[in-house]
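Protein sequences, first through last, are from chains A and B.
The working numbering applies: residue 1 is where the first sequence begins, and numbers increase by one.
The working numbering applies: residue 1 is where the second sequence begins, and numbers increase by one.
Because the hints were derived from the structure by calculation, they are not lab data.
Bear in mind the structure is a predicted one, so any value in this text is a computation, not a measurement.
Just to be clear, a hint being listed does not mean it is correct.
Stated by the list, open to error - Covered stretches of chain A (in silico footprint by chain B; criterion: 3 or more residues with CB under 8 Å from a CB of chain B, positions within the stretch not fixed):
id	stretch
1	85 to 97
2	125 to 137
3	379 to 392
Stated by the list, open to error - Cross-link-like lysine to aspartate or glutamate pairs, in silico, EDC-like; alpha carbons within 20 Å at most:
id	chain 1	residue 1	chain 2	residue 2
4	A	Lys69	A	Glu277
5	A	Lys318	A	Glu252
6	A	Lys294	A	Glu252
7	A	Lys204	A	Glu153
8	B	Lys15	A	Asp162
9	B	Lys15	A	Glu123
10	B	Lys186	B	Asp212
11	A	Lys64	B	Asp245
12	A	Lys315	A	Glu301
13	B	Lys238	A	Glu98
14	A	Lys318	A	Glu288
15	A	Lys315	A	Glu277
16	A	Lys166	B	Asp245
Built from N, CA and C at the ideal position, the CB exists for glycine as well.
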Amino acid sequence: MSIAIDVESLSKRYVISHLNKGAQSIREVIGGYFSKLTGTENHSPIDEGEPNVNSSTEEFWALKDISFKVLEGERIAVIGGNGAGKSTLLKILSRITEPTAGQVSIRGKVASLLEVGTGFHPELSGRENIYLNGAILGMPRREIQRKFDQIVEFSGVEKFIDTPVKFYSSGMYVRLAFSVSAWLDPDILIVDEVLSVGDQAFQKKCAERMKELTGDGRTVIFVSHSMATVKSMCERALYLKNGRLISFSPVEEAATEYVRTVMTETEQRKWHCEHFEYIPGVTEVYHENNEYIKCIEGWIENSEGVKASMLPIHKAFKVVVRYRLLKSVDFRVVPTFHFYTEDGGRFFVSYPEKSAPQLAGVYVAVCEVPEFLVNIGRFSVCPVLSSFELTDPVHFSLPNALRFEMMEVPNSDDRRHGWSGDVPGPTRPRLKWSVSIE
Amino acid sequence: MFFFLAWRDILVRYKQTVVGASWVLIRPLLTMLVFTVVFGRIANLPSNNMPYSLLVFTGLLPWSFFSSALSDCSNSLVSNAHLLSKVYFPRLIVPASTLLVCIVDFAISCSLLVALLFWYGYFPTWKILFFPMFTMLTAVCAFGLGLWAAALTVRYRDFRHLVPFFLQLGVYASPVGYATNLIPEKWRVIYYLNPMVGIIDGFRWSILGEKDIYWTGVLFAVCFSMLVLVTGLRFFRKSEATFADVI
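Given only the sequences and the hints, what does the whole structure look like? Please build it.
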């Protein structure tokens with residue numbers, strides 16, 4: 001088979017300017033030339049005290065020394081975290097921007113979907129926008145005419161096809177926009193994460209259409225954060241990290257490697273917090289009353305007993321809190337965990353089975369959360385220590401004390417039945433089912 | 001795609017307006033009225049024995065074509081930034097389709113000119129054959145300058161303010177509201193450094209059949225236009241590669 005895309009030691013450098021955001025103005029350029037001529041540097045008051053005054057710009061390599069070859073008809077996924085250079089790579093492959101160094105040779109007609117509805121104009125009707133968008137994506141007018149009915153039918157907005165798209169609901173808008181792209185017919189298709197549009201039914205339709213599109217011997221470059229989608233559609237994956245190519249391997253391997261790296265990089269992520277320590281007067285708490293109890297620390301540990309904030313949904317994990325009961329008391333002390341979803345909605349509250357008056361000492365409360373109770377997504381835990389017999393029942397409460405993320409390792413859910421997208425909702429409980437013929 | 005972009009701009013232009021496309025006619029007509037009153041009546045400038053409104057309109061026609069083409073071209077890349085950063089296509093299409101839109105407007109305004117000529121009972125001479133040539137000259141000049149401005153605007157947004165300012169001054173520096181022979185002989189050479197002077201002169205000569213015309217000025221306009229077009233194209237092509245990164 002012949003090579004469709006050949007990329008050789010590709011690099012892309014961006015120059016970021018720090019002081020002025022947005023476009024450079026001509027005064028600065030002239031000023032720059034002037035200071036070069038006179039050999040003096042312009043010290044504006046803002047710069048003073050900065051160690052490197054002249055470099056208000058900084059070089060940034062979005063891609064560094066990337067080489068790979070894609071065979072004709074191959075479907076390639078590009079995976080990696082935010083800022084890994086995925087979008088830059090796609091932009092270079094679709095010729096929107098030029099590489100700073102290196103060579104790219106592409107054989108065949110390329111169509112790139114970096115966004116749905118490129119060039120849609122709000123004042124124009126759906127019909128007019130189909131033609132416009134089609135033309136922008138490189139479809140000849142004849143072809144659009146031929147496929148027009150299919151596009152409209154696929155989008156499901158027949159009734160409003162002559163209404164200006166500014167009156168469309170956002171769902172209708174993206175559906176129409178995606179539909180145009182769905183009927184492109186290039187040799188090489190470059191797709192940035194555009195599948196996540198519309199409602200469930202439409203997403204499914206899109207996924208099917210994408211499979212159809214990618215099925216018949218077309219070369220596809222596909223960027224996605226969803227490992228499940230990537231795995232169901234692609235054979236090999238480019239794994240990028242900080243602008244460098246980490247691996248180019250079969251999709252299973254690359255996905256596993258990616259997920260593993262993400263797991264070890266939790267500390268760098270803002271959301272994640274797998275451990276907290278309570279220091280009275282320093283830690284900001286919602287409620288504290290250190291008369292009887294002092295909370296010491298808390299953490300989340302994965303099924304292997306290691307503190308972690310990136311947790312696979314198919315394994316159980318534990319939420320732990322340690323506290324010191326300062327004196328023996330004749331009332332009950334109840335630890336509870338309030339789980340929240342990322343948007344701040346209370347997800348559920350959990351508490352132990354038994355409680356009794358207690359002796360002074362250090363206690364460890366462990367709550368085991370079973371596998372598949374919490375679905376993919378980000379969650380937080382607020383540990384609370386209370387005694388409901390008291391008039392002021394709450395000893396301690398620390399919202400957002402622990403923050404974790406649930407993720408799905410490929411092939412961990414055996415109930416997917418061929419569905420490759422995300423399973424929605426905050427929980428994915430494994431309920432007892434029976435399906436039988438009457 | 002070239003035509004689609006122009007088609008889009010034309011379609012969108014007068015959406016949600018009451019009188020719609022009539023604005024193409026109303027605007028020059030009103031401007032002509034104002035200029036006629038200000039220059040012809042109030043300032044009482046000479047009109048070389050022809051209706052002053054006709055004198056104004058023959059100046060206004062190329063000028064408004066030039067100014068709209070230049071200002072639209074220079075803004076075209078920035079206002080289509082979302083396209084440039086998401087799809088690949090020859091970038092030249094954007095200003096070129098903008099020019100096409102302006103040509104359409106110009107053609108409509110021309111019909112107004114025909115009506116005016118009839119109204120005043122003016123019939124053009126053989127010189128009218130040069131009319132398309134002068135139209136092309138205006139287009140070339142505006143497009144050349146527009147390419148420069150467009151490519152520069154991407155990087156330096158200063159041109160967004162500079163271009164309209166120069167166009168505003170240009171109305172007075174060009175013989176839009178008055179006849180060229182108002183300018184004293186000794187200033188002539190400097191005056192004709194503005195290429196639009198030669199172009200407007202040419203228009204008046206070809207439409208109204210004026211007897212004398214300062215050919216050196218016209219020749220200068222031709223050379224100037226060709227020069228800006230060639231250098232504009234080269235500059236545009238050269239800076240094209242980085243448009244998506246800096247826009």
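Hint check results:
1. 85 to 97: Result for this restraint: holds, n = 5.
2. 125 to 137: holds (count 6)
3. 379 to 392: violated (count 0)
4. Lys69(A) / Glu277(A): 50 Å, violated
5. Lys318(A) / Glu252(A): Violated, at roughly 28 Å.
6. Lys294(A) / Glu252(A): 47 Å, violated
7. Lys204(A) / Glu153(A): 15 Å, holds
8. Lys15(B) / Asp162(A): 14 Å, holds
9. Lys15(B) / Glu123(A): 7 Å, holds
10. Lys186(B) / Asp212(B): Since the Cα atoms of Lys186(B) and Asp212(B) sit roughly 18 Å apart, the hinted pair holds (cutoff 20 Å).
11. Lys64(A) / Asp245(B): 17 Å, holds
12. Lys315(A) / Glu301(A): 11 Å, holds
13. Lys238(B) / Glu98(A): 12 Å, holds
14. Lys318(A) / Glu288(A): Not satisfied, since the Cα-Cα distance of roughly 24 Å exceeds 20 Å.
15. Lys315(A) / Glu277(A): 25 Å, violated
16. Lys166(A) / Asp245(B): 29 Å, violated
Against the hints set out earlier in the document, violations occur for numbers 3, 4, 5, 6, 14, 15 and 16.
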